[in-house]
Amino acid sequence: MNDQATASARLPLAKALNAGLRQAMRDDPKVLLMGEDIGPLGGVFRVTEGLHAEFGDKRVFDTPLAEAGIVGTAIGLAMRGYRPVCEIQFDGFVFPAFNQITTQLARQRTRHEGGVTMPVVIRIPYGGHIGSIEHHQESPEAYFAHTPGLRVVSPSNPHDAYWMLQEAIASDDPVIFFEPKSRYWPKGDVNFEEAGAPLHASRVVRPGADVTVVGHGAMVSVLLQAAEIAAGEGIDMEVIDLRSLSPIDYDPLLRSVTKTGRLVVAQEASGFVSVGSEIAATVTERAFYSLEAPVLRVSGFDTPFPPASVETHFLPSPDRVLEAVDRALAY
Amino acid sequence: MAATQNDASGSTVQLLSPEGTLQASAAADEFLPFLDRLDDDDYRRFYRDMAVVRRFDIEAANLQRQGQLALWVPSHGQEAAQVGSAYATRPQDHIFPSYREHVVGMIRGLDLVDVLRMLRGVTLGGWVPEEHGNFHLYTLVLASQTLHATGYAMGMQLDGTTATGDPDTDEAVIVYYGDGASSEGEANEALVYAASYQTPQVFFLQNNHWAISVPVTRQSRTPLYLRAAGFGMPSTQIDGNDVLASYAVSAKSLDDARAGKGPAFIEALTYRVGAHTTADDPTKYRTDDELASWVARDPIVRFRTYLQGQGASQQFFDDVEAEAADFAADARRRALTIEGPDTDVIFDHVYAGPHPRIEEQKAWLERYEASFEGGHA
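Chains A and B, in that order, give the protein sequences. Here numbering that gives the first Met the number 0 is used: position 252 in the first sequence is 251, and no number is missing along the way. Here numbering that gives the first Met the number 0 is used: position 170 in the second sequence is 169, and no number is missing along the way.
Hint data in this document are derived by calculation from the structure and do not stem from the laboratory. One should not assume that every hint holds.
Taking CB as the label site, the calculated pair distances span [what the hints assert, rightly or not]: (1) A/A4 / B/D167: 46 to 52 Å; (2) A/P185 / B/E368: 48 to 54 Å; (3) B/L139 / A/T5: 48 to 54 Å.
Pairs of lysine to aspartate or glutamate, DMTMM-like flavour, derived with a Cα cap of 20 Å [claimed, not checked]: (4) A/K29 / B/D158; (5) A/K258 / A/D325; (6) A/K57 / A/D27; (7) B/K361 / A/E166; (8) A/K258 / A/D248; (9) B/K251 / B/D167; (10) B/K361 / A/D56; (11) A/K29 / A/D56; (12) A/K57 / B/D341; (13) A/K57 / A/D36; (14) B/K251 / B/D38; (15) B/K361 / B/D341; (16) A/K57 / A/D26; (17) B/K251 / B/E29; (18) B/K361 / A/E112.
By construction, the Cβ of each residue, glycine as well, lies at the ideal position given by its N, Cα and C atoms.
Using the sequences plus the hints, can you model the full thing?
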């Protein structure tokens, strides 16, 4: 299935994405990469580095600086039978494409009564922790998870990045692919032979007995850090990597909550009308009699993402997660 | 009206004068040879299609007034721009309409009752483009389709099915939009992308002078066709009520697009004689004098005069009138029998792959509605 020289490697997430793109392009000549600065430069985060040289102008092309144009022309290319993978340079720059994504991309299949498929992937580096300027650190997942017709996923580690990106490209539905840019450079093991879990599966990444915590993308490493600290205090946290934000795979979550009776949902996004709100409501509906405490949310505040010098006060930290864990355990 | 910058000038291509006579002019000369491709039957078809869709348009508006359609979008007044450009396309071309190009669809093989299905609220689309002359679905968010058209044309380039030198197979795209949509950012992005990639594509802008109640003078301080130069794209302003100008200029632009000469832009000066939709009341925002001045330039009357001058018989016009009446009556009859879909349509086409939330909700609705059987509804 892949022609990596080795069965596994230790790679940064950004390089794993690069390997995933390369593999997808080798597997299917209809896969195209398009976006701003993704050609000879390799993208501002270098995720597409080397791909222009390998696949050429017709399959890896720089677009004019216009995001609605990127997504709108990708829709036309998909109608023509291509599988475009669009890069949006930063989270905050997806909004000029919002109309094309929500009123067009997400609905073409419905509007055509199944006669048209939209195998389009929109890659969006998202989230904080990188000390950058306005519109470069945001977590806009909820807008897209709220939109019928889209699939929304977010890998937390290099292995998942490699596999989930290829699965997203192979999907006949549009996939919004949120990449945790603060996790682009730490390395992790990538097994090139076995995916391990399907695209929309959530996964227990650290088993525990006392309280369940769930998050996606960069938040997973925060949750794992919190679990380490808690373990030192005798609290056994079960950590779940959500992986898919729409649809959400609730079974591992409900099994976990049935066991622990307590759930804390963590996210960088503002909490009001968020993916975390949805999880809290659904778990309460489905596991009410298993819950020993209300489902608690740890989120970014309901403010614009602040200046970077105070971002650590805005973003949920291991300590903020543990504060909520303590509250959940106090019931 | 202060619409002078949007009125015809010496550079506007007009082959047929408002009095219905063919005339030479500096602007028109390069396009006149394209009329050599047409024979008498083509001319009669142009007239027939314009007359039929005019009559259909009236019937559809009546159906809306009688509660049989949610909305109707009239094309009255714009028939020449649409018919001429539609006949300039070849079978392999792709057409991305806005939502008022009914006769373009008809010429490409669409059953206009399919348009009524959408406006009757039984479907969000209504037809399969590949089975109807590559006439794509209407797009209601203005200008969104301009980018789809450009992307589709990029796909033709990647496929190598254009600019091979074979006019029988080389493909092109034509996209329709209007003076109002020309202000949308996406219409401008489409022009940027088309120019950047030199797509095989024609932008066909029908300037019907009104975006619902807002005149084109509020959209633009410059004639719209002049904007194309800023994108590095050749453009032509035509008398959009002259079916021959619309045909000839569209034919040249599409030929160039198929031949690899890049995109082109056509502004067709025309007029929306009717309301924007049946939800609109144009007497609130425009004058009787303005309307009368455009009714006097009616595209069908003009072409009829021309054909009469060419010796068309009264019998021909009588036959077309009868055919148009039959067409409208048939559309009415069939429109009244359009039935709504079952509730599966809510769920079945949202995703290509499995989706647990949608499947659960579909099953829930079935159980919920079944729970009323034999009880209250």
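Now for the hints, and whether the structure bears them out:
Range check, A/A4 to B/D167: about 48 Å between beta-carbon atoms, so the 46 to 52 Å window is met. Judged by the Cβ atoms, the range 48 to 54 Å given for A/P185 and B/E368 holds: they are separated by roughly 52 Å. B/L139 and A/T5 have their C-beta atoms about 52 Å apart, which keeps the hinted 48 to 54 Å range intact. This hinted pair checks out: A/K29 and B/D158 have alpha carbons roughly 10 Å apart, not beyond 20 Å.
Restraint check for A/K258 and A/D325: the C-alpha separation of about 18 Å stays at or below 20 Å, so the hint holds. A C-alpha spacing of about 14 Å is found between A/K57 and A/D27, which places the hinted pair at or below 20 Å, so the restraint holds. Taking the CA atoms of B/K361 and A/E166, the gap is near 26 Å; set against the 20 Å cutoff, the hint is violated. The suggested pairing of A/K258 with A/D248 holds, with an alpha-carbon distance near 17 Å, which does not exceed 20 Å.
At most 20 Å may separate the alpha-carbon atoms for a hinted pair to count; B/K251 and B/D167 meet this at roughly 15 Å. As the CA atoms of B/K361 and A/D56 are separated by approximately 44 Å, the hinted pair breaks the 20 Å bound. With a CA separation close to 14 Å, the supplied pair A/K29 and A/D56 stays within the 20 Å bound. Simply put, A/K57 and B/D341 have alpha-carbon atoms about 44 Å apart, too far for the 20 Å limit, and the pair is violated.
Restraint check for A/K57 and A/D36: satisfied, since their Cα atoms lie roughly 15 Å apart, inside the 20 Å limit. Pair hint B/K251 plus B/D38 holds up; C-alpha atoms about 17 Å apart against a cutoff of 20 Å. Our distance criterion of 20 Å between C-alpha atoms is met by B/K361 and B/D341, whose separation comes to about 12 Å. For the suggested pair A/K57 and A/D26, the alpha carbons sit about 16 Å apart, so the restraint of at most 20 Å is met.
Proximity of B/K251 to B/E29 is assessed by CA-CA distance (about 9 Å); at most 20 Å being required, the pair is judged to hold. Proposed proximity of B/K361 and A/E112 is supported: the alpha carbons are some 16 Å apart, at most 20 Å.
Hint compliance for this structure: hints 7, 10, 12 are broken, all remaining hints hold.
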